[in-house]
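Colleague: Spelled out, the chains give:
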Amino acid sequence: MSRPRLTAAAASAAVLALLALPAGASAHGIAQRADLPIPEWLFAWGAALVLLASFAALAVLWPRPVLAGLGERHLLTVPRVLEVLAGLLGIGAFAVVVYAGLAGNQTATANLAPTAIFVLFWVGIPVASVLVGDVWAALSPWRALARGAGWAAQRLAGPGGLPEPMAYPERLGRWPAAAGVVAFAWVELVYVNRDVPESLALLALGYALVMLVGMSLYGVEPWTRNADAFAVAFGVLALLAPLRWERRRVALRAPLAGAIAMPQVAGASAVVLALIGTTTFDGFSQGGIWTGEDGLAQRLTDAFEGAGFGPEVAVQAAYTVGLLVIVALVGGLYRLGVAGMRSVGGPEHDTRDLARRFAHALIPIAFAYLLAHYFSLLAFQGQALGYLISDPLGEGADLFGTASATIDYGLVSANAIWYVQVAALVIGHVGGLILAHDRALETWSEPRTATRSQYWMLLVMIAFTCLGLWILSAASQ
Amino acid sequence: MTPLAHTGHWYHTLLYVAPVVLIAAGLWWSGRREARERAAREAARREREAAPTSTP
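Chains as they are written, first to last, in the working numbering: chain A, 1 to 477; chain B, 1 to 56.
Bear in mind the hints are in silico, worked out from the structure with no lab data behind them.
We put the beta carbon where it would ideally sit given N, CA and C, even for glycine.
Treat the hints with caution; some may be incorrect.
Among chain A residues calculated to face chain B with C-beta under 7 Å, some are [stated by the list, open to error]: (1) W122; (2) M166; (3) Y168; (4) Y218; (5) A463.
So the derived label-pair ranges between C-beta atoms look like this [as the list claims (entries may be wrong)]: (6) A:L70 <-> B:G26: 30 to 38 Å; (7) B:R36 <-> A:F309: 54 to 62 Å; (8) A:L243 <-> B:W29: 56 to 64 Å.
Just a few of them, taken from the derived set where beta-carbon distance is under 10 Å, the chain B residues facing chain A [as the list claims (entries may be wrong)]: (9) A24; (10) S30; (11) E34.
Can you build the whole structure from these sequences, using the hints too?
Modeller: So this is what it looks like as structure tokens:
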């Protein structure tokens with residue numbers, strides 16, 4: 001058996017094994033669903049049919065690459081002062097969150113830091129990025145600090161007074177950012193002190209310090225583009241936005257057109273796969289297969305304890321293994337699609353080249369997973385910011401008169417959440433299919449070969465959709 | 001057997017796997033059919049090339 005086929009077969013077996021595991025208890029859904037008109041599994045069938053129909057429609061109605069030819073329209077130029085103000089806002093917000101974490105009440109729900117980091121930052125910024133563009137580029141506190149410091153140093157040292165930064169190692173590409181995404185997920189899902197505001201504040205400070213050192217060595221922009229996990233992840237999601245911000249110029253572009261600009265560099269696909277994989281583990285790790293009485297988590301923890309680890313370390317080691325395995329399985333599923341594509345499209349493109357060329361098709365899927373998985377968290381826990389902003393330390397203050405606000409759990413019904421989740425997954429995967437189809441037409445000049453090469457990507461997209469719905473459906477079990 | 005004894009807990013998961021399996025099977029079948037058709041076309045072409053050309 002050839003290597004690509006062997007890879008494809010191994011990845012298929014792993015993915016099917018993952019899909020065939022029993023459903024678990026609950027993902028991030030907070031309320032129970034009731035009275036859905038059809039069983040949840042039928043939504044997966046419907047989603048698969050939608051993808052199949054979209055694929056057929058693309059094959060017939062989209063015979064030439066289109067997205068690269070779509071232009072954009074200049075809308076406005078933002079005054080420099082706004083850029084400075086956004087940077088100051090980012091620095092100020094970072095300072096408040098870190099101070100609240102260090103000096104405030106150490107109960108997670110009473111302190112601003114955990115909600116600001118896990119809800120506003122990790123979920124709110126991606127949603128804002130997809131709606132209005134790369135807001136994090138303007139708000140990033142460490143980038144703003146580094147740019148401010150660089151500007152001041154340049155003024156003091158005069159022209160040519162500062163040494164040139166070192167060249168960023170090209171072969172590293174975006175791998176540091178991918179590792180950063182997995183590390184953040186580790187803190188969110190594995191670290192035993194993830195709910196301790198002080199620990200989060202110290203980690204945030206540590207991350208900012210690493211970023212500042214990296215930017216001082218390799219330059220602000222090269223480092224931010226490649227190694228700042230959040231700048232890279234949010235920047236990639238912002239490629240879906242209808243607005244493109246570059247050097248204070250704001251332009252309007254067609255939906256999905258921005259995604260084709262994702263750089264085909266080392267580690268670029270790993271960042272998107274890390275986003276999908278870590279979100280998948282978040283859902284999976286709350287299901288019965290993982291957390292059940294005789295679940296995988298317990299078995300792994302027992303194994304680590306048997307090897308001499310303490311109970312706390314053993315639990316973290318078990319969850320670390322789970323996180324890495326799920327990320328690897330998601331990566332394997334994508335590699336399966338790429339290997340299959342190569343087996344159809346011919347040997348003129350190697351697997352690595354194809355993996356980079358088609359990685360942008362995963363961006364809408366990453367956002368769909370994120371939105372589907374965290375929508376209820378954003379809708380409900382996001383409301384907590386109303387009172388936390390008035391009492392960031394959790395010590396009884398009422399700075400803006402909103403400290404007595406509460407979370408309205410009736411704001412969105414459980415069924416509405418389910419429909420949003422299904423819609424997000426279906427629309428995201430159709431978006432992925434469109435991007436992959438358009439890129440296939442660029443890659444293979446013969447439209448028939450291009451369409452046939454995408455059979456495998458269709459299978460991957462349907463597998464991702466069913467996996468996502470299966471994990472989400474566990475919330476109502 | 002334990003897995004069978006717990007069928008009630010996991011059988012519905014198969015319903016989520018089913019679309020993936022069905023489409024994989026469909027793609028595999030269409031791939032085989034295309035390969036067979038290609039081979040037949042190739043054989044016919046070779047046969048035509050090998051046939052002696054008649055002279056007037």
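Colleague: Of the hints given before, which are not true for this structure?
Modeller: Those not satisfied are hints 1, 2, 3, 4, 8.
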